[in-house]
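First to last, the protein sequences are chains E and V.
Using the working numbering, the letters of the first sequence correspond one by one to residues 8 to 124.
Using the working numbering, the letters of the second sequence correspond one by one to residues 16 to 129.
There could be a bad hint or two in this list.
Said to hold, decoys possible - Here are the simulated BS3-like pairs of lysine-lysine, each with C-alpha atoms no more than 27 Å apart in a straight line: (1) Lys-73(E) <-> Lys-124(V); (2) Lys-37(V) <-> Lys-124(V); (3) Lys-27(E) <-> Lys-73(E); (4) Lys-71(E) <-> Lys-21(E); (5) Lys-48(E) <-> Lys-124(V); (6) Lys-37(V) <-> Lys-92(V); (7) Lys-71(E) <-> Lys-116(V); (8) Lys-62(E) <-> Lys-48(E); (9) Lys-64(V) <-> Lys-48(E); (10) Lys-27(E) <-> Lys-64(V); (11) Lys-48(E) <-> Lys-21(E); (12) Lys-92(V) <-> Lys-48(E); (13) Lys-27(E) <-> Lys-116(V); (14) Lys-116(V) <-> Lys-62(E).
What the hints assert, rightly or not - Simulated restraints on C-beta separations: (15) Lys-116(V) <-> Ser-90(E): 39 to 49 Å; (16) Thr-24(E) <-> Glu-79(V): 42 to 52 Å; (17) Asn-58(E) <-> Leu-97(V): 31 to 41 Å; (18) Trp-17(E) <-> Gln-126(V): 20 to 30 Å; (19) Thr-87(E) <-> Val-98(V): 38 to 48 Å; (20) Lys-73(V) <-> Gln-36(E): 24 to 34 Å; (21) Gly-68(E) <-> Thr-35(V): 31 to 41 Å; (22) Thr-87(E) <-> Gln-126(V): 34 to 44 Å; (23) Thr-67(V) <-> Ser-25(E): 39 to 49 Å; (24) Asn-27(V) <-> Gly-60(E): 18 to 28 Å.
What the hints contain is simulated information worked out from the structure, not anything from laboratory work.
In this text, a Cβ means the ideal position worked out from N, Cα and C, and glycines have one as well.
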Amino acid sequence: GAVVSQHPSWVICKSGTSVKIECRSLDFQATTMFWYRQFPKQSLMLMATSNEGSKATYEQGVEKDKFLINHASLTLSTLTVTSAHPEDSSFYICSARDSGGGEYEQYFGPGTRLTVT
Amino acid sequence: AQSVAQPEDQVNVAEGNPLTVKCTYSVSGNPYLFWYVQYPNRGLQFLLKYITGDNLVKGSYGFEAEFNKSQTSFHLKKPSALVSDSALYFCAVSQAGGYQKVTFGTGTKLQVIP
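Can you build the whole structure from these sequences, using the hints too?
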């Protein structure tokens, strides 16, 4: 149980285009999902907290107009990187908390490797 | 502000020997503490957590961690390391109570030598 999927697992796009990454909780409902960014050999940087049915909460320094987050259902959150640039190339990881489980740990997706050329 | 320190970038241990990955934390009030493991190009997998109760917490794959409030530490341990334990390990902390923001450490690479 507690499986989180991400799609795509890797994507290459051209500078100036937009890319959408999906995060799904497969066997539980998640009112809250999280989006992280991880640079090589570094820790996870929380970008935003995605709340089902409401606006995402962005961390300081993260451009909300560039990284659009939508959490339209209890099992799906999407991150859209708009007008991507090479510096947006990174490993993006989502996670989710089981709303009904009363647990506090997060379950992570396998990550999406984004390369902007 | 809460924080997590993992003082060792890398830990090397021989297969079959005990391993320890260190973690200290800083948080207001009581902590919730977590350990996660990450294999190359993958997301993080949950290993174990301390929420309340017994200070010694047992988790997946034979790992355990001991919560030490006076030393604000939550070191990850395993009695006998396997080559397959080689991975990146993250310690994380949040404030106790409800669903609070989680802060991750910088990670420790564990290398188990055959």
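Structure-based check of all given hints:
Our distance criterion of 27 Å between C-alpha atoms is broken by Lys-73(E) and Lys-124(V), whose separation comes to about 32 Å. Pair hint Lys-37(V) plus Lys-124(V) holds up; C-alpha atoms about 11 Å apart against a cutoff of 27 Å. Of the pairs offered as hints, the one joining Lys-27(E) and Lys-73(E) holds, with about 12 Å between alpha carbons and a cut-off of 27 Å not exceeded. A distance of roughly 21 Å separates the Cα atoms of Lys-71(E) and Lys-21(E); the hinted pair therefore holds under the 27 Å criterion.
Proposed proximity of Lys-48(E) and Lys-124(V) is supported: the alpha carbons are some 9 Å apart, at most 27 Å. For the proposed pair Lys-37(V) and Lys-92(V), the alpha carbon gap of about 9 Å is at most 27 Å, so the pair holds. Distance check on the hinted pair: Lys-71(E) and Lys-116(V) sit about 19 Å apart at the alpha-carbon level, within 27 Å; holds. Between Lys-62(E) and Lys-48(E), the direct Cα distance comes to roughly 31 Å. Violation of the 27 Å bound is thereby established for this hinted pair.
Proximity of Lys-64(V) to Lys-48(E) is assessed by CA-CA distance (about 24 Å); at most 27 Å being required, the pair is judged to hold. With a C-alpha separation of about 32 Å, the suggested pairing of Lys-27(E) with Lys-64(V) is violated against the 27 Å cut-off. Proximity of Lys-48(E) to Lys-21(E) is assessed by CA-CA distance (about 25 Å); at most 27 Å being required, the pair is judged to hold. Distance check on the hinted pair: Lys-92(V) and Lys-48(E) sit about 22 Å apart at the alpha-carbon level, within 27 Å; holds.
Note on Lys-27(E) and Lys-116(V): the hinted pairing holds, with a Cα-Cα distance of about 25 Å set against a maximum of 27 Å. For the proposed pair Lys-116(V) and Lys-62(E), the alpha carbon gap of about 17 Å is at most 27 Å, so the pair holds. Checking the proposed 39 to 49 Å range against Lys-116(V) and Ser-90(E) shows it is violated: the Cβ atoms sit about 28 Å from each other. At about 47 Å, the CB distance of Thr-24(E) to Glu-79(V) agrees with the hint of 42 to 52 Å.
The given range of 31 to 41 Å is respected by Asn-58(E) and Leu-97(V), whose C-beta atoms sit roughly 39 Å from each other. Roughly 26 Å separates the CB atoms of Trp-17(E) and Gln-126(V), a value that falls within the hinted 20 to 30 Å. The supplied range of 38 to 48 Å is met by Thr-87(E) and Val-98(V), whose beta-carbon atoms lie about 40 Å from each other. The beta-carbon spacing between Lys-73(V) and Gln-36(E), approximately 28 Å, falls within the hinted interval of 24 to 34 Å.
Judged by the Cβ atoms, the range 31 to 41 Å given for Gly-68(E) and Thr-35(V) holds: they are separated by roughly 34 Å. Taken as a hint, the range 34 to 44 Å holds for the pair Thr-87(E) and Gln-126(V), whose Cβ atoms sit roughly 38 Å apart. Checked against the hint of 39 to 49 Å, the C-beta distance between Thr-67(V) and Ser-25(E) comes to roughly 44 Å, which is consistent with it. Range check, Asn-27(V) to Gly-60(E): Cβ separation about 48 Å, and the 18 to 28 Å hint is violated.
Comparing the model with each earlier hint shows violations of hints 1, 8, 10, 15, 24; every other hint is respected.
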